[in-house]
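Enquirer: Make a model of the complete structure from these sequences and hints.
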Amino acid sequence: MIAVIDYGAGNIFSLKNALDYLGIENRLVSDEDSIRNADKIILPGVGAFPAAMKMLDQSGLTDIIKEEARKKPFLGICLGMQLMFEKSYEFEETDGLGLIGGCVDKIDEPDLIIPHMGWNKLEVLNNCRLLDNIGDNAYVYFVHSYRGFCGDEYISAYSEYGGKIPAIVYDGKYAYGCQFHPEKSGETGLQILRNFINS
Amino acid sequence: MLAKRIIPCLDVRNGKVVKGVNFEGVKDVGDPVEYAEEYNRQGADEIVFYDITASYEGRGVFLDVVRETAKKVFVPLTVGGGIKTVDDIRETLRAGADKVSVNSQAVKNPQLIKDGADIFGSQCICVGIDAKKIAENKWTVYINGGRVDMGLDLIEWVHTIEKLGAGEICLNSIDADGTKNGFDIPMLKAVCDNCSLPVIASGGAGKINDFAEVFEETGATAALAASLFHFRELTIQEVKAYCRNRGVIIR
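Chains as they are written, first to last, in my numbering: chain A, 3 to 201; chain B, 81 to 331.
It cannot be assumed that every hint is accurate.
Claimed, not checked - Below 27 angstroms or equal to it, Euclidean Cα-Cα: the simulated DSS-like pairs (lysine-lysine) are:
hint, chain 1, residue 1, chain 2, residue 2
1, B, K194, A, K108
2, A, K56, A, K74
3, A, K68, A, K108
4, A, K56, A, K108
5, B, K152, A, K123
6, A, K56, B, K243
7, B, K151, A, K123
8, B, K151, A, K42
9, B, K243, A, K108
10, A, K56, B, K194
11, B, K152, A, K42
Bear in mind the hints are in silico, worked out from the structure with no lab data behind them.
Expert: Here you go:
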């Protein structure tokens with residue numbers, strides 16, 4: 003069973019629809035036991051980093067997520083991926099879950115249209131399970147104004163938008179993150195979700 | 081590199097697809113969920129549903145259409161028409177929309193943009209604008225499906241929208257809409273040059289060349305068309321293949 007963490011941060015219906023479509027057993031959860039008992043964990047989220055982190059703290063889920071993400075497959079999506087970093091500078095400095103070494107900050111290039119919204123190409127840096135059966139010319143759907151900054155060792159794939167934006171990050175063990183929305187990235191996105199389920 | 085998006089728009093009334101010409105004289109043609117699936121197969125980068133239902137009951141049927149589509153189509157779904165309050169936005173997102181498009185109500189109550197962006201995030205607030213030329217390089221904003229001139233300067237409105245936290249603009253030219261003579265390049269240029277938000281070009285697409293032209297001549301990041309795709313004058317694959325051959329970055 004996949005636990006989709008529901009902590010009030012944004013639109014999780016699309017993700018649930020995609021998992022249901024793939025025939026993957028999933029539940030929206032917001033308590034420690036469900037996270038501990040799940041086979042795999044997905045942390046979705048849209049909105050602002052400080053507010054989302056506060057909601058996780060208030061739900062008392064921060065510690066259990068940090069713990070479980072080191073024991074079984076974990077996938078952070080969009081803001082959920084950004085929360086995996088050590089800290090963010092969105093509005094104010096806020097600590098994250100610390101699963102990926104690095105920080106989150108504004109996409110800050112002159113003359114760039116913000117948000118980074120639309121389909122961008124995945125450029126593979128370090129292969130990982132999420133990229134199984136994903137072709138060379140794969141596009142995925144992004145919408146975000148902040149981005150991760152981390153060492154190449156954490157980056158499985160990046161996309162070019164005013165620099166190399168980490169698109170898929172991986173801690174080398176169980177924790178994966180996608181800056182894009184696999185649940186909105188057509189066949190490519192569905193395949194990435196399948197790959198996570200099979201990981 | 082970020083690809084330019086090709087977006088089909090489906091007008092829906094009482095749960096059925098319709099298409100008005102210059103906003104008037106619509107006729108029923110079919111099941112919106114089937115159309116959305118077909119567009120998805122053709123490679124649509126995003127799908128827009130526009131609700132032109134006037135009644136409360138019709139609204140429920142429309143949201144059922146959104147709900148059904150969101151279970152089968154896994155590209156971004158933008159939903160517009162009849163969104164007046166934060167509760168309307170919430171209800172629409174809960175039905176499975178990824179973004180809402182607000183138009184007339186945003187002009188009447190700009191706070192709706194700010195409240196929506198604060199609560200749900202800028203990424204899901206697209207502001208639709210209907211504008212018409214009044215002088216050289218000057219346009220005003222219309223509401224109620226292009227029927228009422230608000231006397232509001234287009235560029236001024238774009239600046240306001242940006243400050244309020246919108247995530248995207250869908251710019252429809254009333255002059256070009258329904259003419260099939262191509263997108264309104266001067267208007268799109270003026271808006272793209274005056275804001276840093278993504279802009280969707282709408283109104284006027286009639287030939288395959290119009291799509292390549294709007295991407296070559298303006299900063300628009302997406303192009304939207306309704307009847308052209310709806311009546312199969314062009315397929316989305318054809319448009320995308322043509323643009324790609326012209327050197328436009330396309331998924």
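Enquirer: Evaluate each hint against the coordinates.
Expert: Evaluated hints:
1. Only pairs whose Cα atoms come within 27 angstroms are accepted, and B/K194 paired with A/K108 is accepted, the gap being roughly 20 angstroms.
2. Simply put, A/K56 and A/K74 have alpha-carbon atoms about 24 angstroms apart, close enough for the 27 angstroms limit, and the pair holds.
3. A threshold of 27 angstroms between alpha carbons decides the hint, and for A/K68 with A/K108 the separation of about 24 angstroms falls inside it, so the pair holds.
4. Pair hint A/K56 plus A/K108 holds up; C-alpha atoms about 20 angstroms apart against a cutoff of 27 angstroms.
5. Distance hint between B/K152 and A/K123 is fulfilled; the C-alpha atoms sit about 23 angstroms from each other, no more than 27 angstroms.
6. In summary, the hint linking A/K56 to B/K243 is supported, as the alpha carbons are separated by about 26 angstroms, within the 27 angstroms threshold.
7. A threshold of 27 angstroms between alpha carbons decides the hint, and for B/K151 with A/K123 the separation of about 25 angstroms falls inside it, so the pair holds.
8. At roughly 22 angstroms between alpha-carbon atoms, B/K151 and A/K42 fall within 27 angstroms of each other, so this suggested pair holds.
9. Annotation: proposed proximity of B/K243 to A/K108 holds, straight-line Cα distance about 17 angstroms (limit 27 angstroms).
10. Pair hint A/K56 plus B/K194 holds up; C-alpha atoms about 21 angstroms apart against a cutoff of 27 angstroms.
11. Annotation: proposed proximity of B/K152 to A/K42 holds, straight-line Cα distance about 24 angstroms (limit 27 angstroms).
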